[in-house]
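There are 2 protein chains.
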Amino acid sequence: MNSFVYNIPTKVYFGENQLGHLGEELRKFGRRVLLTYGGGSIKRNGLYDRVIEELSKADLEVFELSGIEPNPRIESVREGVKICKEQGIDVLLAVGGGSTIDATKFMAAGACVEHDAWEFFGANAKPINEALPIVTILTLSATGSEMDTGGVISNLATGDKLGRLAAPLLPRVSFLDPTLTYSVSKYQTACGAADIMSHIIEVYFNTQEDLFMLDCFMEGMLKTVVKYAPIAVAEPENYEARANLMWTSSWAINGFINGGKRKAWSCHPMEHELSAVYDITHGLGLAILTPRWMKYCLDETTVDKYVQYGVNVFGIDPSLDKMEIAKRSIALTEEFLFEKLGLQRTFTEVGIKREDFKMMAQKACRYGDIKGFKTLTPADVEAIFEMCL
Amino acid sequence: MNSFVYNIPTKVYFGENQLGHLGEELRKFGRRVLLTYGGGSIKRNGLYDRVIEELSKADLEVFELSGIEPNPRIESVREGVKICKEQGIDVLLAVGGGSTIDATKFMAAGACVEHDAWEFFGANAKPINEALPIVTILTLSATGSEMDTGGVISNLATGDKLGRLAAPLLPRVSFLDPTLTYSVSKYQTACGAADIMSHIIEVYFNTQEDLFMLDCFMEGMLKTVVKYAPIAVAEPENYEARANLMWTSSWAINGFINGGKRKAWSCHPMEHELSAVYDITHGLGLAILTPRWMKYCLDETTVDKYVQYGVNVFGIDPSLDKMEIAKRSIALTEEFLFEKLGLQRTFTEVGIKREDFKMMAQKACRYGDIKGFKTLTPADVEAIFEMCL
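First to last, the protein sequences are chains L and A.
In case it helps, my numbering puts the first sequence at residues 17 to 405.
In case it helps, my numbering puts the second sequence at residues 17 to 405.
I should point out that these hints are in silico values taken from the structure, not numbers from a laboratory.
Cβ coordinates follow ideal geometry from the N, Cα and C atoms, glycine included.
Some but not every residue of chain L turned toward chain A, in silico, with C-beta under 7 angstroms:
| no. | residue |
| --- | --- |
| 1 | Val-21 |
| 2 | Phe-30 |
| 3 | Met-229 |
No more than 20 angstroms apart at the CA atoms, straight line, and that leaves these computed lysine to aspartate or glutamate pairs for DMTMM-like:
| no. | chain 1 | residue 1 | chain 2 | residue 2 |
| --- | --- | --- | --- | --- |
| 4 | L | Lys-27 | A | Glu-146 |
| 5 | L | Lys-243 | A | Asp-320 |
| 6 | L | Lys-321 | A | Glu-256 |
| 7 | L | Lys-44 | A | Glu-146 |
Ranges between beta-carbon positions, derived for each pair:
| no. | chain 1 | residue 1 | chain 2 | residue 2 | range |
| --- | --- | --- | --- | --- | --- |
| 8 | A | Thr-195 | L | Arg-278 | 15 to 25 angstroms |
| 9 | L | Glu-365 | A | Glu-40 | 50 to 60 angstroms |
| 10 | L | Ser-201 | A | Arg-48 | 56 to 66 angstroms |
| 11 | A | Lys-243 | L | Ile-247 | 30 to 40 angstroms |
| 12 | A | Arg-94 | L | Lys-387 | 47 to 57 angstroms |
| 13 | L | His-131 | A | Glu-69 | 33 to 43 angstroms |
| 14 | A | Glu-80 | L | Leu-336 | 57 to 67 angstroms |
| 15 | A | Lys-142 | L | Glu-355 | 54 to 64 angstroms |
| 16 | L | Lys-202 | A | Glu-402 | 48 to 58 angstroms |
| 17 | A | Lys-142 | L | Asn-23 | 29 to 39 angstroms |
Make a model of the complete structure from these sequences and hints.
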């Protein structure tokens with residue numbers, strides 16, 4: 017068991033009718049606010065007006081940057097950096113899902129340096145020692161960006177989609193109102209649930225011994241996703257389901273569950289190459305990859321983790337043969353993702369082609385083999401891609 | 017489900033060999049440190065010397081207050097306040113268990129006001145708007161004071177033992193090294209485990225609907241205590257057991273699991289009256305009370321919560337009759353506390369006498385009936401005390 021540092025000071029207002037605190041929280045950081053959002057759904061559903069009203073009441077000066085893309089691009093980040101610098105922005109307010117929040121994080125960091133924001137990424141990435149304060153209003157339960165230090169940005173010019181973690185990127189305050197996710201489509205709700213599930217599985221499937229307490233917590237979060245994601249898909253305005261998914265999305269990736277474990281992510285580095293090239297929804301890519309990766313890694317040396325997962329998350333009879341439990345646990349994961357959530361099952365269905373496998377596999381391993389649950393070489397990644405066809 | 021604010025910014029260094037960060041963390045708050053500790057066990061086991069070495073390396077000026085009692089007393093708090101004011105202390109460093117940390121919290125708050133520190137307690141308690149920064153090094157897994165906003169202080173002159181919560185009391189940084197609990201006696205380890213279990217049960221047994229995800233987390237923490245407390249008692253130097261108990265002690269009461277729930281504690285207000293009068297260990301009082309309180313509250317309206325507890329924590333067969341499951345869950349709780357942990361089972365064994373029941377029951381309800389899982393009047397509290405004889 018490794019030693020670790022736990023440090024997640026994000027303040028969260030959870031529940032309905034908490035936006036009355038927005039102005040007072042922003043005022044702690046200054047008066048000049050950059051409001052960032054995506055394609056304008058917040059204008060259609062009335063959230064934009066509510067936010068502007070709160071900002072006006074608190075006598076804040078508001079600048080805006082809209083149109084942040086799903087799989088957000090470095091060009092949007094650059095635009096935000098420019099506004100921050102030119103307008104002397106004090107605090108950034110991201111209203112949206114993980115894409116908007118991720119892009120906003122690198123605007124906040126880019127505003128504090130002279131170099132281009134893309135230099136925060138890649139093998140020779142520049143340090144992120146400071147960032148302007150970030151406040152978020154979450155409208156989609158998925159990436160956990162509202163309570164973590166990371167973000168992922170795409171550069172279509174180079175064909176790269178790269179992630180970065182840095183403590184100054186942690187939002188200072190996040191508003192999590194489950195009712196703001198009522199208007200999320202069934203499809204995006206399902207993709208978000210697959211993303212949450214993957215964040216937990218990436219940490220849970222690990223060969224290193226760790227804190228039993230945290231394994232229990234991960235199993236609890238997985239049970240929560242399995243129970244409530246289909247309800248949220250079927251009944252978009254079910255508060256209990258939306259609330260459980262929302263708080264789980266934050267805790268799945270804020271770092272708490274990593275305590276004492278080595279980092280060992282596998283599906284995320286593979287998926288980032290898919291969505292860098294094909295611009296598909298991140299959660300969908302993860303859904304297609306995860307069960308295949310689970311099958312690929314299953315053997316006598318890893319089977320115990322699958323047994324723990326199958327018994328504690330899906331309630332499989334522990335008296336069965338170990339390998340049988342493992343296989344059933346994968347089958348139940350597939351059933352959840354592809355039948356209960358209704359996500360597409362194969363690369364073929366979403367148009368991802370074999371001709372790109374070698375290139376994407378090489379890129380997934382650009383920093384070396386993926387040292388995950390099992391070590392994956394580019395050839396292993398290609399083999400997993402083949403299973404997804 | 018209620019809305020709530022999550023705000024727990026304590027930074028935690030977890031694991032062995034983290035004390036090298038002590039100096040740098042304290043220096044963030046200033047140079048003049050008040051080091052507080054209890055009966056001197058930290059001198060016998062070498063921790064005192066390690067701490068002093070780190071403080072010297074960081075060129076900190078150290079003042080000391082030792083001898084803080086179990087069930088810490090207001091007199092110790094007053095002494096600490098006096099040192100803080102006279103010496104212009106910048107930061108307090110509490111080295112010990114919940115008693116030392118609790119007392120230190122009210123020293124830190126008392127240093128910022130003119131009135132006596134006892135005025136922070138009781139029906140007309142003064143506000144706690146600020147406190148000097150607090151850093152802790154935990155040596156006993158039990159109260160969770162290392163990561164929460166509360167503390168409990170005894171006033172033997174008035175026969176009161178009163179708790180107080182206030183945001184400024186939250187430690188800024190806590191060092192949790194499981195090896196520092198290796199020297200905790202079997203008896204105190206068992207009492208600490210009973211305290212942790214009670215913190216979870218006080219929140220878990222609630223008739224209000226809440227976040228399923230948090231119920232899963234509470235069940236995971238209860239399973240952790242049930243699994244590892246007997247191991248820690250049997251093998252005091254088992255790192256895995258000590259680590260799981262330590263991190264669970266913090267998360268059992270830092271406020272996370274309350275999210276969305278009404279506050280509904282029952283056994284703690286009853287127990288505080290026992291240990292105010294008899295000065296017994298808090299966790300032991302809780303261990304004796306908890307199963308009797310569970311029996312007292314069990315009926316057709318509450319049985320479902322016992323079923324959830326019995327099935328998910330103890331693995332009782334869910335196909336049994338509900339009331340049968342509930343009774344088994346109480347029996348297994350008793351078996352855990354009194355057989356596996358070896359704690360005393362009755363008031364008689366620890367010298368608590370019937371003649372004090374009426375007075376203690378009245379005091380437990382001094383602010384009105386206890387609005388817990390079931391509402392308890394003074395007569396109910398007396399009846400539960402009777403069951404403990």
